[in-house]
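Read off the chains here:
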Amino acid sequence: MSRLRGFSPILAAGLLAAAIPLIGGIALIGIAAAQEVAVSDLRDGVPPTEEAAPPPIFNEINDDKRRARNYPEQPPVIPHNIRDYPITLNANKCLTCHTREFTAQSQAPMISITHFMDRDSQILATVTPRRYFCTQCHVTQADAPDLVENQFMPIEEILRAFREQDGEEPNP
Amino acid sequence: MIGRLWHWGWGLVRDIWFVLRRPSVHFSLGFLTIGGFLAGIVFWGGFNTALEVTNTERFCISCHEMRDNVYEELKTTIHFTNRSGVRATCPDCHVPHNWTDKIARKMQASKEVWGKIFGTISTRDKFLDKRRELAEHEWARLKANDSLECRNCHDFEYMDFTRQNARAAEAHSTYLAAGEKTCIDCHKGIAHQLPDMQGVPGWDAVHSFYMEVPNNSAGDRLQRLARALRETPPANASTMSD
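Residue numbers (our numbering), protein chains in the order written: chain A, 1 to 172; chain B, 1001 to 1242.
Because the hints were derived from the structure by calculation, they are not lab data. Wrong hints could be hidden among the right ones.
[Unchecked claim] One side of the interface only, derived from the structure: several residues of chain A facing chain B at Cβ under 10 Å:
1. R43
2. H80
3. N90
4. A91
5. N92
6. C97
7. D120
8. S121
[To be verified] No more than 25 Å apart at the CA atoms, straight line, and that leaves these computed lysine to any residue pairs for SDA-like:
9. K1075(B) / P86(A)
10. K1075(B) / T88(A)
11. K1075(B) / R69(A)
12. K1181(B) / D84(A)
13. K1126(B) / F58(A)
14. K1111(B) / A1140(B)
The beta-carbon is built from N, C-alpha and C at its ideal position, and this holds for glycine as well.
Input sequences plus hints: build the corresponding full structure.
Written out as structure tokens, the structure is:
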């Protein structure tokens, strides 16, 4: 009894005063952490009970102008509309213009020689099955804002930047 | 029994024939001509109405064969849904609008009734097996009538090449304008999925990788081909096959 009394209200009050901001601080950190780990999902924060309004579909670029590749290995992008072009086991609409045989008539770029090679680098008579499904690599373009910000630089730009850092004059 | 039935049936035919041959006793000429005219209008109207009922999309997709296959495929294409809401229904493309051609097509379609009764394409698999044949009928029809059903809406006279993209304008102002090609030659499978296109001109190159030539026989085959060519040189070397 006497000891407890000796524990003194002053000390108890001091402990309490220290504990309140501590607990409050932990709680605040907890809330902040919860906000930080909020995962962006396909529903984009729309509650499951509500119908999400999808963003507008951008038109495909359809000007038939070739685009520079961002790096040599990049599959060239498709500068035209491909709505309803079948690419199935039965039929491939792309190849009705882009196969070697039809490029004179269509003036379309021919599928590259790599597309005739199987995985053992053997050249086949026509397009190899593993390159048959065009849109696995080649895609149409839309004049739309980037979904994710990125700082990609083509290699030439990097080389120029290096030269500038080295104090050389950039190539004319 | 059969004899008596025959006797009765023949008697009926004879009675009707005698009635038809005799001049009318009770009805006036005016009644018969005006009545006949009015009845003709009613019958013809009825016939035409019934014909037009069979010329609607609702009628076409009342059969599951059409509803579950071709109609489902149409739904995703630009001929079903697009920005302006103008759309093509089944008969717009598959039934000629001109009366004589329409009746001819309708008579052909009696075979489709046969197919329905005997379940020629009653399952998806049966339909897929038959799709090439069915597609070829439609390609042949559109090729023969210079893609008439396309041109009912897409009139070449009113095509503005400046509003088409470069590729389309190029093809339309040359091959189509010269009559060298017609719509269906290039625009196959625009409203439904395509069958296996092996052997179809323009689509064939795609499929040669399916061709099985065992490595050890390729040399023999080339030699045989060379011998055959020496005997009969082809008119156009690029069109020969296998």
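Hint by hint, here is what the structure shows:
no.: 1; hint: R43; verdict: 24 Å, violated
no.: 2; hint: H80; verdict: 7 Å, holds
no.: 3; hint: N90; verdict: 5 Å, holds
no.: 4; hint: A91; verdict: 4 Å, holds
no.: 5; hint: N92; verdict: 5 Å, holds
no.: 6; hint: C97; verdict: 8 Å, holds
no.: 7; hint: D120; verdict: 13 Å, violated
no.: 8; hint: S121; verdict: 16 Å, violated
no.: 9; hint: K1075(B) / P86(A); verdict: 15 Å, holds
no.: 10; hint: K1075(B) / T88(A); verdict: 18 Å, holds
no.: 11; hint: K1075(B) / R69(A); verdict: 36 Å, violated
no.: 12; hint: K1181(B) / D84(A); verdict: 21 Å, holds
no.: 13; hint: K1126(B) / F58(A); verdict: 39 Å, violated
no.: 14; hint: K1111(B) / A1140(B); verdict: 17 Å, holds
Hints 1, 7, 8, 11, 13, counting from the list given before, are not met by this structure.
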